[in-house]
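One-letter residues, chain by chain:
There are 2 protein chains.
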Amino acid sequence: MGRLTGGDPSLLRRINSAVVLHALRTAAPAASPTLTDLVKVTGLSRPTVEGVVEGLIDAGLVVEAAAEEGEARRQGRPARRFRFRREAGHLLGIEIGPHRIAALMADLGGRVTGSAAQEIAATAPADERLDVVLATVSDLLRRSGVPRGQLRAVGVATPGIVEADGTVRLGTALPGWTGLPLGERLRRSFRCPVLVENDANAAAVAEHWKGAATASDDVVFVLAGLSPGAGSLIGGRLHRGYGGAAGEIGALHLLGREATPEEVLSTTGEPLHPLDEAQVARVFALARAGDERAEAAVERFMRRLVHDVAALVLALDPELVVVGGWAAGLSGVLGPLRAELARYCLRPPQVVQSLLGEAAVATGALRLALDHVEEQLFAVESTVTARR
Amino acid sequence: MGRLTGGDPSLLRRINSAVVLHALRTAAPAASPTLTDLVKVTGLSRPTVEGVVEGLIDAGLVVEAAAEEGEARRQGRPARRFRFRREAGHLLGIEIGPHRIAALMADLGGRVTGSAAQEIAATAPADERLDVVLATVSDLLRRSGVPRGQLRAVGVATPGIVEADGTVRLGTALPGWTGLPLGERLRRSFRCPVLVENDANAAAVAEHWKGAATASDDVVFVLAGLSPGAGSLIGGRLHRGYGGAAGEIGALHLLGREATPEEVLSTTGEPLHPLDEAQVARVFALARAGDERAEAAVERFMRRLVHDVAALVLALDPELVVVGGWAAGLSGVLGPLRAELARYCLRPPQVVQSLLGEAAVATGALRLALDHVEEQLFAVESTVTARR
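Residue numbers (my numbering), protein chains in the order written: chain S, 1 to 388; chain E, 1 to 388.
Derived from the structure by calculation, the hints contain no laboratory data.
Being a predicted model, the structure only gives us computed values, none of them experimental.
Treat the hints with care, since some could be wrong.
Beyond 12 Å from chain S on every Cβ pair, some chain E residues (computed) [said to hold, decoys possible]: (1) Glu184; (2) Arg240; (3) Gly243; (4) His253.
On the chain E side, residues computed to face chain S include the following (Cβ under 10 Å) [to be verified]: (5) Leu35; (6) Ala164; (7) Asp165; (8) Gly166; (9) Ser232; (10) Gly236; (11) Gly247; (12) Leu312; (13) Leu320; (14) Cys345; (15) Arg347.
Virtual Cβ for every residue (Gly too), placed ideally from N, Cα, C.
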């Protein structure tokens, strides 16, 4: 509640406005509240509610429901009804991945209204990748008929350690990513706030919002791949860590006693590109068919994954581990992981597969944008901890 | 603020009482506030403050300062001054360790007023250990002249995973500890609340209170030994984990590819008892003297410690790592640990040695007792997250 204290003269007005807007937003769609309803729900006086509602109508955030929806006039003058205009603004959630750029659009209620995606080479340089991001967004805006000026916030999620200002401190998965002022670069193309987040962190938020973790507030999301990353929710809030690097457990192999990610699944001794998902899937298929070298490679892969996830579980003791990323869908991953964790962890967590699949990261980016707008409009706590 | 909402009819009175008590408690010792001061500081009306202060005097928590301290009467009648009676109650912090039982006593202001400690064999059974705990406490109470009935809360810290009700879910370091209803057993001997906590968690709280971590809210405390445990503060609050098992990183070796704790520092091939600190110190001394087998053993030990601490750091990304426990004091531990973490962690934390040393665990237990009393008396947030 820190931001609601202090010497701001318009504080009370802003709080009242947020309270009324929140009541309108959470009302059932079929039951637009009257002024009397709002007085009852908010505990504010009738003149205060009237003043606030007029202000919200002027701002375009609220509309008179009965008039707009052409409700038949009954006997006498019916009480005016009001509803929140979800359509008063739009949000974007963007995933910038190694192979794919994906974007989701939503209204101010968080309802997804459109999507776009485009393939990209893992080797594409940073400028080219950003060009594809902007082209994907332009395409989505055009197809949706939404003017760029109606965007209220943009969330972006990408591999790497992301600073509070949106700079990528370290990002080895994408060429030219380390040191890139990603937030600053993207802010040139939008007139609204741009929030940048690590991809596994965003996916954790997404699974909690509308995926496999809606029932738990203490969650580790593992983006399973050759070098796993993770995002954690503690008490329902994203745990970024002091420097935004929490969950970068894939670096444990750097301690030098284990194979590099490229060697782990190699069946030939030649390094395997960590992002070559098709090749990796082939190794798993070969192992299932009984190929001995592939079996050994899969065993190395699983041992690494179990070790990394066990380290996260022992450090954090979550209620639930959600496994996503391309490896989560391979048969022979989730079962063994669950069994090994149950065997070795002192208090084994539940282990489930991501429900959102490849939509998880963009969905999380969208949720971060929605959090930002809700903080502004409704003065409510977001699902995300305060940035430093 | 959860506990300040709801339909409690005495709610306002309790809040006002807490607000006044808090103002009295945080006043400088030399400047006991007058009623006018309290009205100014709290924003409450004068009659409300007067009523609350009378109630607090009746409860024994507040006393008129001027009268008690024999302040010389000046011209006219001086304003009455009041002070919080820190001496109105007492708290205990107890460490139940493998070798040692230690207890600290403090007043309601958290000022330590007495201590006691007793050696015990690592092999002592649970009943004998509990008898020594009670004898140590009785001795401390007697020497301090404090009647048992003046104890307001008792904090207890011990190795193992501790459930919310004070039962030890898993505790392999002490004989008979796993499954022991430690809280229930100790509550029979006290008429006040007894809080039980994991030892590394308590030590983390202690270093944040008055040790090496007072300046940071994002801290990992490592109890360095043959099987390291850890406690974490996130945003200044203890992170227990969903089942109280957060930080039990020593279990990583269970994954089966590493030596057991007993083998790590062995120079003979014979297992070394993990709690035989004298023997362990001798191995470090031999290594410094150039003994090759001891050097190899120390290298194995450091590799394990670095790996476990790195796993914690990668999972949590703390600002600060505080290293305590017996191994923290051995020369050749802190320097190499710091260097290896700086080399391998993506965002290396500061690494410092515990300031509280062997007092850390009991001090943390004391802080937990103080937190409990402050929550009741002052309705303030504690340093500890809500228990489930």
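Evaluation of the provided hints:
1. Glu184: Answer for Glu184(E): holds, closest chain S Cβ roughly 20 Å.
2. Arg240: 7 Å, violated
3. Gly243: Non-interface label on Gly243(E) violated, nearest chain S Cβ at 4 Å vs cutoff 12 Å.
4. His253: 10 Å, violated
5. Leu35: 26 Å, violated
6. Ala164: Ala164(E) check fails; min Cβ-Cβ to chain S is 13 Å, beyond 10 Å.
7. Asp165: With Cβ-Cβ at 15 Å, over 10 Å, it is violated.
8. Gly166: 16 Å, violated
9. Ser232: Hint holds; Ser232(E) Cβ to chain S Cβ min 8 Å, cut 10 Å.
10. Gly236: Result: violated, 12 Å to nearest chain S Cβ.
11. Gly247: 6 Å, holds
12. Leu312: Holds, because the Cβ-Cβ distance from Leu312(E) to chain S comes to roughly 5 Å (cut-off 10 Å).
13. Leu320: 8 Å, holds
14. Cys345: At about 7 Å, which falls below the 10 Å cut-off, the nearest Cβ of chain S leaves the hint on Cys345(E) intact, so it holds.
15. Arg347: Hint holds; Arg347(E) Cβ to chain S Cβ min 4 Å, cut 10 Å.
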